[in-house]
Structures are given as C-alpha cells and as structure tokens.
Amino acid sequence: GAGVSQSPSNKVTEKGKDVELRCDPISGHTALYWYRQSLGQGLEFLIYFQGNSAPDKSGLPSDRFSAERTGGSVSTLTIQRTQQEDSAVYLCASSMGTSGSMGNEQFFGPGTRLTVL
Amino acid sequence: AQKVTQAQTEISVVEKEDVTLDCVYETRDTTYYLFWYKQPPSGELVFLIRRNSFDEQNEISGRYSWNFQKSTSSFNFTITASQVVDSAVYFCALSGTTGNQFYFGTGTSLTVIP
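Respectively, the protein sequence lines represent chains X and C.
Numbering follows the working numbering, with no gaps: position 87 of the first sequence is 87.
Numbering follows the working numbering, with no gaps: position 4 of the second sequence is 4.
For the record, the hints were derived by calculation from the structure and aren't laboratory data.
Any given hint could be a false lead.
Straight-line alpha carbon distances no greater than 20 Å define the calculated SDA-like cross-link-like pairs of lysine to any residue that follow [claimed, not checked]:
| # | chain 1 | residue 1 | chain 2 | residue 2 |
| --- | --- | --- | --- | --- |
| 1 | C | LYS3 | X | ASP18 |
| 2 | C | LYS3 | X | SER38 |
| 3 | C | LYS38 | X | LYS57 |
| 4 | X | LYS57 | C | LYS3 |
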C-alpha cells in the first residue's frame with residue numbers, strides 16, 4: 001500500500017512569501033504529525049492531529065505557522081511571511097492512533113525541503 | 001519532563017566492526033514506548049523497532065539488537081558486522097501516556113567505511 005506522501009519535495013521561496021506544504025497520510029491512519037528538521041539537527045515537533053479532536057499546536061514556533069487537516073485525511077502546513085530561519089525539511093508522519101497511549105509507530109513521508117532566500 | 005539523549009553525535013567504523021548507539025531517556029510516565037528510526041542519506045525515516053516499558057527483554061533482528069535497561073533508562077542499539085548500507089542517522093524516540101508527542105533524540109550519524 002501507499003506510504004505517507006508529501007508535496008512538493010522541494011520548495012524555494014523568497015523571504016516574506018507564504019508557502020503551503022501538503023501531506024497525504026496512510027489511509028486509515030487517524031493520527032498525523034508535522035515535524036521540522038533543520039540541517040544536521042533532530043526532529044522538532046510542530047503539530048499533531050488525532051481524528052476530529054482539536055489539534056495539539058504546542059510545537060508551532062510562531063503565529064506565522066498554521067496547519068489544518070481536512071476530512072481527517074490530507075493536511076496542509078502553512079507558513080506565512082517566511083523567514084530565512086524557516087529553511088528546513090518539513091516531515092509529516094502518520095500512525096494508527098495516539099502514539100502516546102497506544103505506542104503506535106509513526107510512518108514518515110519523504111519530507112519537503114524548504115529554502116527561503 | 002520527557003527527554004531523549006543521544007550523546008554520540010557522529011560515529012565512524014570500519015566495515016564488519018560492531019557498533020553500539022547509545023540512547024538515554026527521561027520520563028515520568030510509568031507506561032511509555034521507545035523507538036529507533038533510521039534516516040538514510042535519502043532522507044526518509046524508517047521505523048526499526050518499538051519497545052514498551054513493561055518488556056525489558058532484549059531483541060535481536062538479524063544484525064540488529066537492542067538492549068533495554070530500565071535501571072539505567074537506556075535503550076541502546078547494536079549493529080553487528082556493520083555494512084556500508086548501515087550508514088545513516090539513527091534516532092531514538094520516546095512516547096508516553098502524557099501528551100501526544102514523540103520525543104526524538106538529536107540523532108547519531110553512523111558512517112561505515114568500506
């Protein structure tokens with residue numbers, strides 16, 4: 001079956017522009033995560049969606065970042081007024097349920113490499 | 001607090017050597033899960049193993065083995081007879097019953113030299 005897909009794979013934008021990154025989770029997975037990975041760094045949690053529950057936005061670094069998940073499936077991460085420090089790889093992951101209580105592993109997409117000039 | 005520490009930033013070994021990647025975690029949860037992921041140069045993270053806090057049995061899968069010790073809050077990963085294809089960044093991660101997050105370590109970059 002298909003894994004987690006993300007688009008675009010690469011995005012180059014100018015400082016101050018808005019960008020949208022897309023994630024298609026594995027079919028049937030109710031949990032969806034967004035992470036940011038800066039060059040040579042670990043994974044920074046951004047936001048978590050679980051079913052129809054309110055998302056956990058505790059990792060979003062600023063109000064320029066937002067995300068939504070439509071119909072419990074596809075998710076879009078939006079970065080407004082991009083800054084050079086936003087340059088990173090943005091990773092999406094999905095899992096069967098709440099990773100915390102069920103210990104379900106997350107399956108990751110290939111990521112979107114964002115470069116802000 | 002939930003935290004994962006991978007003290008080894010980079011490791012280089014010669015092919016066929018054994019190598020152990022260290023992972024130390026902190027959690028207040030009594031039920032929690034530990035994971036290892038591999039991130040090859042292609043960039044996509046690959047799930048390797050999950051272990052719950054009630055199962056301290058060591059696990060072996062081919063050349064990979066994991067040593068979980070609650071007494072030292074460690075979940076170390078050993079690759080036996082390393083191969084060039086093992087070259088990657090390896091992440092240890094923790095999830096608990098508090099909150100929704102996975103807590104990732106900063107990763108260990110392993111280079112296997114032919």
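Structure-based check of each hint:
1. C/LYS3 with X/ASP18: 33 Å, violated
2. C/LYS3 with X/SER38: The hint holds at about 19 Å.
3. C/LYS38 with X/LYS57: 26 Å, violated
4. X/LYS57 with C/LYS3: The given pair, whose Cα atoms are some 19 Å apart, holds under the 20 Å limit.
Comparing the model with each earlier hint shows violations of hints 1, 3; every other hint is respected.
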